[in-house]
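Chains G and U, in that order, are what the protein sequence lines are.
With the first letter of the first sequence counted as 1, position 315 gets the number 315 in the numbering used here; the numbers rise by one all the way through.
With the first letter of the second sequence counted as 1, position 7 gets the number 7 in the numbering used here; the numbers rise by one all the way through.
Any given hint could turn out to be false.
As the list claims (entries may be wrong) - Simulated pairs of lysine to aspartate or glutamate, EDC-like, Cα-Cα distance not exceeding 16 Å:
1. U:LYS119 to G:GLU259
2. U:LYS296 to U:ASP253
3. G:LYS269 to G:GLU259
4. U:LYS119 to G:ASP78
5. U:LYS119 to G:ASP107
Stated by the list, open to error - Non-contacting residues of chain G with respect to chain U, defined by C-beta distances greater than 12 Å in every case (computed):
6. SER5
7. GLN31
8. ILE80
9. SER178
10. LYS255
11. THR264
Simulated from the structure, these hints should not be mistaken for lab results.
Backbone N, C-alpha and C fix where the C-beta goes; we use that ideal spot for every residue, glycine too.
Here is what each chain is made of, one letter per residue.
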Amino acid sequence: MADLSRDQLLHAYRQMKTIREFEERLHLEIQTGEIPGFTHLYAGQEAVAVGVCEHLDDDDYIVSTHRGHGHCIAKGCDVIGMMKEIYGRADGLCKGKGGSMHIADFDKGMLGANAIVGGGPPIAVGSAIACKIRGDGKVSVAFGGDGSCNQGTVFEAMNMAVVLQVPTIFVFEDNGYSEHTGTSYAVGSNDIAGRAAGFGMPAVKCDGADFFAVYEAMGEAIERARSGGGPSTVECTITRFYGHFEGDPQNYRAKDEVERFRETKDCLKNFRKNVEKNGLLDISDLDKIDTEVLDLIEEAVKAAKAAPTPKPEDVLTDVYINYA
Amino acid sequence: MPVISFRDAVNQALHEEMERDPNVILLGEDVSGGAGGSSGERDAAGGIFGVSKGLITKYGEQRVIDTPISESAIIGAGAGAALAGLRPISELMFADFVGVCMDQIYNQIAKFRYMFGGKTRCPIVIRTATGAGMNMGAQHSQTIYNLLTAVPGLKIVVPSNAYDAKGLLKSAIRDDDPVVFFEHKALYPRKCEVPEEEYLIPIGEAAMPREGDDATVVAIGRMVVFAEKALDKLKEDGITADLIDPRSLSPLDEEMIFESLEHTGRLVIVDESPPRCSVASDIAGIVASKAFASLKAPVKLVTAPHTPVPFAKELERAYVPGPDRIEAAIREVIQ
Numbered sequence: 001m002a003d004l005s006r007d008q009l010l011h012a013y014r015q016m017k018t019i020r021e022f023e024e025r026l027h028l029e030i031q032t033g034e035i036p037g038f039t040h041l042y043a044g045q046e047a048v049a050v051g052v053c054e055h056l057d058d059d060d061y062i063v064s065t066h067r068g069h070g071h072c073i074a075k076g077c078d079v080i081g082m083m084k085e086i087y088g089r090a091d092g093l094c095k096g097k098g099g100s101m102h103i104a105d106f107d108k109g110m111l112g113a114n115a116i117v118g119g120g121p122p123i124a125v126g127s128a129i130a131c132k133i134r135g136d137g138k139v140s141v142a143f144g145g146d147g148s149c150n151q152g153t154v155f156e157a158m159n160m161a162v163v164l165q166v167p168t169i170f171v172f173e174d175n176g177y178s179e180h181t182g183t184s185y186a187v188g189s190n191d192i193a194g195r196a197a198g199f200g201m202p203a204v205k206c207d208g209a210d211f212f213a214v215y216e217a218m219g220e221a222i223e224r225a226r227s228g229g230g231p232s233t234v235e236c237t238i239t240r241f242y243g244h245f246e247g248d249p250q251n252y253r254a255k256d257e258v259e260r261f262r263e264t265k266d267c268l269k270n271f272r273k274n275v276e277k278n279g280l281l282d283i284s285d286l287d288k289i290d291t292e293v294l295d296l297i298e299e300a301v302k303a304a305k306a307a308p309t310p311k312p313e314d315v316l317t318d319v320y321i322n323y324a
Numbered sequence: 001m002p003v004i005s006f007r008d009a010v011n012q013a014l015h016e017e018m019e020r021d022p023n024v025i026l027l028g029e030d031v032s033g034g035a036g037g038s039s040g041e042r043d044a045a046g047g048i049f050g051v052s053k054g055l056i057t058k059y060g061e062q063r064v065i066d067t068p069i070s071e072s073a074i075i076g077a078g079a080g081a082a083l084a085g086l087r088p089i090s091e092l093m094f095a096d097f098v099g100v101c102m103d104q105i106y107n108q109i110a111k112f113r114y115m116f117g118g119k120t121r122c123p124i125v126i127r128t129a130t131g132a133g134m135n136m137g138a139q140h141s142q143t144i145y146n147l148l149t150a151v152p153g154l155k156i157v158v159p160s161n162a163y164d165a166k167g168l169l170k171s172a173i174r175d176d177d178p179v180v181f182f183e184h185k186a187l188y189p190r191k192c193e194v195p196e197e198e199y200l201i202p203i204g205e206a207a208m209p210r211e212g213d214d215a216t217v218v219a220i221g222r223m224v225v226f227a228e229k230a231l232d233k234l235k236e237d238g239i240t241a242d243l244i245d246p247r248s249l250s251p252l253d254e255e256m257i258f259e260s261l262e263h264t265g266r267l268v269i270v271d272e273s274p275p276r277c278s279v280a281s282d283i284a285g286i287v288a289s290k291a292f293a294s295l296k297a298p299v300k301l302v303t304a305p306h307t308p309v310p311f312a313k314e315l316e317r318a319y320v321p322g323p324d325r326i327e328a329a330i331r332e333v334i335q
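All chains, please: the whole structure from these sequences, using the hints.
Below is the structure:
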């Protein structure tokens, strides 16, 4: 098992728990009708975002996806600023101009959630070019789902990363569904890591519900990237606890599927079991974190609801010309 | 003053900016050429039109990056490099290839600044070869700027001569917003005076290479050259016109057009693109809504037909608006 200090373990748990509660609360709040637009929840996949980002500093880069809240929190984005953004508030992380699918925080190396499936990986190759030119040992991580692995842009990005030997790590979260269509149907080879290996880079698979497995697989990939060994791919098998988007009736899933996964594939439960069995942490410490996280999420929702809405005239700002 | 070609002027701009700022990088297909080739020559192409010749020798493989044929990744990598603090120039060998990487251009780079609430800028330049005239057929000859001018967040630059190309490209590289820089293939060998000392041309200011009284002619890119030929001919009959070269299609220097129209009252717009939803129809619409009172005659558009670009010489010549059509349009509008 990876060598993690007590503080690191507590931090990882706090991050995963924050993502879970952020999403569980959103699931409830969306039903009130107060949150505009289209939201894709990350609940169930927390160990991937956190297992990856616990290796990263603010100077490392990530690009994210339409299902990006978890990546944002794991990379250190302000939870309250995120909640405000999702509520479309003027002081949200992107001033209400981005929304759930377009959260970015450049001070944290979070180069943006991306609502175009497969839009991010080419961008991660570019930020990795910058890392390589600077020679500072920083890396760039491209998050994507099983859906994105069928996009040509992702093939282009993987090949270019290999050709240029840049420090990009492609993380594929196979949550079983590309929108409403199963991975077993849509990924011809049913082997995303195998595809990546075909481009000429090391590629491994791991259990995305096991924080320690993700952390370990990513550790090797990142170490390789930081020391000039070029790109890697990590494929994480995982599930999502909710639909493709909030409001998705999920008719494509067996009735008991989510329930079963919540029993067997819950990364938080797995983490608790693991640290308890191995005597790494006191469960009371984790319970304390649970309470603190719930308080934070409550504070975030309250702050978002109370935050000012953008002024209509702000529609014309943040663009070099508007011809108004 | 030295007289150099459009190609050499762009090459000089690239050299000067890469020398000035180590954050400037160039990436694209064959921008140096020769990577993986059997000759070992690493400056084998310098771009398909020789525009980036000599850069790899001076700035090395880290900053002059030969890429696979992967247009989405070329633009996307430029976007990511820009977000990470570099000033990338992504070369799209032919403007037509926008069809392969449109997402990265219009959903990604064009939107970052706005969509992320002004928290970032995306200082990328996309250099691309545009236009017909070399019998390259339907997929290597289009203008494409007609499509991209419609996209909020992009700056669109279309120089018509070597002097402007150099000054505008240097400004584009220093600009914090994404700029798509269109280099007309048929203009590459055309020469004009280009000073040795450094100069910049601000993006958004039109030029008026000819002044006159009878009409205002707005011409884009290579059409400026043809409009000058038409005006040379008309001068024999005592007909003169203001010739406006917008140089950038967005931002557009509307004021220069309006001021000229106050004087002439008659407008001809010349564009190598098809007519519908084009820059020509857009300028006509702007004039109709903001300067209608200046008009003494209907606006005349001289454009390519609403067809793909044909291959055969005779057909392509019929496709591209030439000096004769421009001359006829000016004569018609002043009647």
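Results for each hint:
1. U:LYS119 to G:GLU259: 40 Å, violated
2. U:LYS296 to U:ASP253: 21 Å, violated
3. G:LYS269 to G:GLU259: 14 Å, holds
4. U:LYS119 to G:ASP78: Since the Cα atoms of LYS119 of chain U and ASP78 of chain G sit roughly 14 Å apart, the hinted pair holds (cutoff 16 Å).
5. U:LYS119 to G:ASP107: Holds, at roughly 9 Å.
6. SER5: Since the minimum Cβ distance to chain U is about 30 Å, SER5 of chain G lies beyond 12 Å and the statement holds.
7. GLN31: 26 Å, holds
8. ILE80: Since the minimum Cβ distance to chain U is about 15 Å, ILE80 of chain G lies beyond 12 Å and the statement holds.
9. SER178: Holds, because the least Cβ-Cβ distance between SER178 of chain G and chain U comes to about 17 Å, which exceeds 12 Å.
10. LYS255: About 37 Å separates LYS255 of chain G from the closest Cβ of chain U, which puts it past 12 Å; holds.
11. THR264: Given that every Cβ of chain U is farther than 12 Å from that of THR264 of chain G, nearest at about 37 Å, it holds.
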